[in-house]
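K.L.:
For reference, the chains in residue letters:
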Amino acid sequence: MANMYSKGTKRKFFDSVDAAMDNKAVLYSRQRQSLLDMSLIKLQLCHMLVEPNMCRSVLIANTVRHIQEEMTHDGSWQLVTEAFGGSGPSDHLVATEVLCRSSALEQQGGGPKLYSVMGYDGCREEEVVTDEALCSVTFSDGAPALLGTIDHCWDRAELRMVAVEDRVIKDSGSEVESGEGAKTVMGQVFGTFEIKNGAPGSDPALEELFSAVDASYYDLDTMLTSIQSTPKMGPYNLLDSMASSHGPTSNSSCRTDLSELDHIMEIIVGS
Amino acid sequence: SCCVGDSTTLHSADIISTVEFNHSGELLATGDKGGRVVIFQQELESKNQPQCRGEYNVYSTFQSHEPEFDYLKSLEIEEKINKIRWLPQKNAAQFLLSTNDKTIKLWKISERDKRPEGYNLKEEDGRYRDPTTVTTLRVPVFQPMDLMVEASPRRVFANAHTYHINSISVNSDCETYLSADDLRINLWNLEITDRSFNIVDIKPVNMEELTEVITAAEFHPNQCNTFVYSSSKGTIRLCDMRASALCDQHSKLFEEPEDPSNRSFFSEIISSISDVKFSHSGRYMMTRDYLSVKIWDLNMESRPVETYQVHEYLRSKLCSLYENDCIFDKFECCWNGNDSVVMTGSYNNFFRMFDRGYRQDVTLEASRESSKPRSVLKPRKVCTGGKRKKDEISVDSLDFNKKILHTAWHPQDNIIAVATTNNLYIFQDKL
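Protein sequences appear in the order of chains A and B. Quick note on full-length UniProt numbering: the first sequence kicks off at 1 and runs consecutively. Quick note on full-length UniProt numbering: the second sequence kicks off at 1 and runs consecutively.
No wet-lab data here; the hints were simulated from the structure. These numbers were taken from a predicted model, which means no experiment stands behind them. Every residue, glycine too, gets a C-beta built ideally from N, C-alpha and C. Some clues are possibly wrong.
[Claimed, not checked] Computed Cβ-Cβ distance ranges for the label pairs, DEER-style: (1) D74(A) with D173(B): 52 to 58 Å; (2) C174(B) with E69(A): 46 to 52 Å; (3) E69(A) with N57(B): 52 to 58 Å; (4) E69(A) with D240(B): 33 to 39 Å; (5) E69(A) with S397(B): 36 to 42 Å; (6) D74(A) with E258(B): 18 to 24 Å.
[Said to hold, decoys possible] Facing chain A, a subset of chain B residues (Cβ under 10 Å, in silico): (7) L75; (8) I77; (9) D101; (10) Y163; (11) N166; (12) D182; (13) L183; (14) L210; (15) V213; (16) S232; (17) K233; (18) F265; (19) S267; (20) Y322; (21) K330.
[Claimed, not checked] A short, non-exhaustive set of chain A residues, derived as facing chain B with CB atoms under 10 Å: (22) R32; (23) K42; (24) V50; (25) N53; (26) R56; (27) S57; (28) I67.
Could you put the whole structure together from the sequences, leaning on the hints where they help?
P.N.:
Right, dumping it as structure tokens:
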């Protein structure tokens with residue numbers, strides 16, 4: 001497993017750049033990275049009680065997307081992904097990834113993590129790197145993060161960074177629905193409340209209890225005189241433990257989706 | 001002339017979130033963060049000072065919206081008044097629409113200056129008289145009383161917006177109005193509260209594909225079928241309601257091509273339009289983005305006919321303004337009565353006026369120190385570089401917490417209302 005912050009990688013990058021442009025490029029690169037970090041932090045800031053300003057959130061998310069696109073264009077994204085040894089997304093502009101923080105890596109003993117965060121247009125599941133072990137991640141820990149809006153804060157201590165293997169999903173067979181899980185993250189970031197995935201290994205009693213509920217009913221946009229909705233984040237997220245009652249999604253693919261979501265949100269949170 | 005001065009009225013309030021003159025200019029309504037509406041009334045011109053128009057004094061205060069808690073989403077719904085719009089006056093009473101993030105209310109403001117006196121069966125204090133003591137009959141008559149201004153909610157338009165309402169606009173037909181949130185625009189009949197028509201919906205099927213939101217919307221002042229809405233990507237769409245029930249297809253799209261030399265990561269953010277206002281004539285519309293005010297001819301979609309820089313000196317500070325979130329401030333703009341001057345706010349309690357005819361602009365300050373009553377406002381200047389002249393302020397000394405987001409201009413006279421964070425300033429031109 002290559003450590004993306006290994007010195008070897010960095011040296012290789014700089015050797016290939018014209019010496020005269022070095023400083024300028026480095027400075028620009030640093031500023032751009034700083035802007036990216038700042039933007040991601042802004043998306044995490046929580047307004048505990050009030051819904052976040054959607055215009056602001058959209059503009060910040062677009063800024064992040066622009067930075068990622070540019071980084072993909074000028075190859076700095078490519079180099080990063082090459083360091084992971086996986087198939088780079090350089091030819092998939094909108095399959096954007098976010099590099100996790102080095103401190104997070106240090107916590108977990110290293111390991112590359114690539115996640116689709118935003119811009120899921122044409123996002124392909126094979127770019128998401130995950131691990132079989134993720135399927136065993138219990139839902140309750142990640143739930144508040146998954147179902148929270150981007151401006152909701154969550155207790156970072158609760159999020160568990162799980163070590164991943166540098167492996168591409170497509171090699172391991174199609175365990176994952178295309179784009180479904182990743183897309184749900186952004187959807188929830190912007191406040192839709194569609195329940196797509198149930199909890200893995202949830203209480204069978206609860207499962208039975210809620211099995212008759214039509215999850216599409218919780219789509220906020222179908223309600224004008226709404227009386228029911230998914231709580232975005234609250235102390236009692238009953239629906240967190242609700243099993244998915246619509247669609248033919250199998251339990252195992254649900255679990256994988258959720259695991260990926262877990263990781264994606266962990267990355268968004270950063271270290 | 002675009003300089004105002006002379007008379008200043010100052011009122012303190014909770015954080016002011018909207019300011020609006022009524023159609024005659026006699027009344028000025030403000031909404032605040034606490035959900036209150038305060039209406040000021042212009043005093044009749046005094047005989048002592050015929051040169052001076054009347055001052056504005058408090059006429060009515062009422063609680064329009066209360067904080068609510070959405071138990072299902074575990075979220076508070078703020079009571080902050082986002083917008084107030086007056087209805088044209090039809091009878092003795094005044095009507096206005098006020099809205100918070102989710103609910104629009106129609107308020108009736110009426111005066112009572114007479115009360116019936118001389119009942120046969122009741123005392124003046126309301127107690128019933130013993131019928132056996134009644135020996136004569138009299139007809140009750142209306143007697144003058146101290147003026148009482150009553151505000152009562154006549155309609156509540158609720159549960160039609162999933163997202164936060166940013167605009168309301170009364171149609172020239174005086175029967176309908178629109179309300180716009182981040183992703184949708186609804187059309188209401190003023191009489192009907194339990195249903196509205198969705199006329200614009202830009203919500204993508206998958207929310208993760210969301211890249212653009214609606215920032216403002218307004219009906220055309222004369223054409224009851226036409227409205228515009230602006231977006232966070234700097235576009236304005238003009239829609240004709242006769243074309244189709246759902247106006248997702250615009251009739252016109254106004255967008256200025258980006259200047260490649262000014263491109264940065266902040267280009268999109270600063271192009272986001274915070275306010276759009278039709279001119280009184282209906283020929284033009286004005287948009288406000290972070291750094292400029294643009295005037296558009298409705299017949300030309302390719303670019304604005306006029307562009308005014310509000311505070312270009314901030315362009316080099318965009319990163320800092322992004323960091324402290326000031327780059328997301330939503331400034332409003334307004335026209336004067338004959339569309340010859342436009343006005344908008346800035347930082348440091350500065351506000352700017354642009355005279356379209358004379359091609360002049362001025363920066364003025366709304367603060368207690370610089371505006372004593374009856375004093376003339378002094379033009380201000382921001383020093384952008386080099387040696388700072390006397391009375392100039394350097395960009396780094398600007399107070400970004402003192403922002404003027406809301407301004408309003410009297411529909412006929414040169415009277416303006418400028419809201420700083422907690423104070424409302426009313427400036428009048430010397431006749």
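K.L.:
If a hint holds in the structure, say so; if it does not, say that too.
P.N.:
Consistency of the hints with the structure:
1. Remark: the range hint 52 to 58 Å for D74(A) to D173(B) is upheld by a beta-carbon distance near 54 Å.
2. For C174(B) and E69(A), the Cβ-Cβ distance of about 48 Å falls inside the hinted range of 46 to 52 Å, so the restraint holds.
3. Look at E69(A) against N57(B): about 56 Å separates their beta carbons, and that is inside 52 to 58 Å.
4. Taking the beta carbon of each, E69(A) and D240(B) are about 36 Å apart, inside 33 to 39 Å as hinted.
5. For the pair E69(A) and S397(B), the supplied restraint of 36 to 42 Å holds, since their beta-carbon distance comes to about 37 Å.
6. Taken as a hint, the range 18 to 24 Å holds for the pair D74(A) and E258(B), whose Cβ atoms sit roughly 20 Å apart.
7. Taken as an interface hint, L75(B) checks out: its beta carbon lies about 5 Å from the nearest beta carbon of chain A, inside 10 Å.
8. Proximity of I77(B) to chain A holds as hinted, the smallest CB-CB distance being about 8 Å (cut-off 10 Å).
9. Taken as an interface hint, D101(B) checks out: its beta carbon lies about 8 Å from the nearest beta carbon of chain A, inside 10 Å.
10. Among the interface hints, the one on Y163(B) holds; its C-beta lies about 6 Å from the nearest C-beta in chain A, closer than the 10 Å criterion.
11. Because the smallest distance between the Cβ of N166(B) and any Cβ of chain A comes to about 8 Å, under 10 Å, the interface hint for this residue holds.
12. Annotation: interface hint on D182(B) holds; nearest CB of chain A at approximately 4 Å, less than 10 Å.
13. Annotation: interface hint on L183(B) holds; nearest CB of chain A at approximately 8 Å, less than 10 Å.
14. The beta carbon of L210(B) is positioned within 10 Å of a beta carbon in chain A (closest approach about 5 Å), and the interface hint is therefore held.
15. Taking 10 Å as the C-beta contact cut-off toward chain A, the hint placing V213(B) at the interface holds, the least distance being around 5 Å.
16. Evaluation of the S232(B) hint against chain A yields a held restraint, the C-beta minimum of about 5 Å falling below 10 Å.
17. Interface hint at K233(B): satisfied, since its Cβ lies 8 Å from the closest Cβ of chain A, which is below the 10 Å cut-off.
18. Contact between F265(B) and chain A, as hinted, is supported at the beta carbon level, the nearest pair being about 6 Å apart and thus within 10 Å.
19. For S267(B), the suggested interface contact is upheld, since its CB lies about 9 Å from the closest CB of chain A, less than 10 Å.
20. Given hint, Y322(B) at the interface with chain A, holds; its Cβ is 7 Å from that chain's nearest Cβ, closer than 10 Å.
21. Restraint check, K330(B) versus chain A: the minimum CB separation of about 8 Å is within 10 Å; hint holds.
22. At its closest, the beta carbon of R32(A) sits 8 Å from a beta carbon of chain B; the interface hint therefore holds under the 10 Å criterion.
23. Nearest Cβ of chain B to the Cβ of K42(A): about 8 Å, under the 10 Å cut. The hint holds.
24. With 10 Å as the threshold, the beta carbon of V50(A) comes within range of chain B, its nearest partner Cβ sitting at about 5 Å, so the hint holds.
25. The restraint placing N53(A) at the interface with chain B holds, with a minimum CB-CB distance near 7 Å, inside the 10 Å limit.
26. Taking 10 Å as the C-beta contact cut-off toward chain B, the hint placing R56(A) at the interface holds, the least distance being around 5 Å.
27. With its C-beta approaching chain B no nearer than about 9 Å, S57(A) sits inside the 10 Å limit, and its interface hint holds.
28. The interface hint given for I67(A) is met, as the beta carbon of that residue sits about 6 Å from the closest beta carbon of chain B, less than 10 Å.
Consistency with the previously given hints is maintained throughout, with no hint failing.
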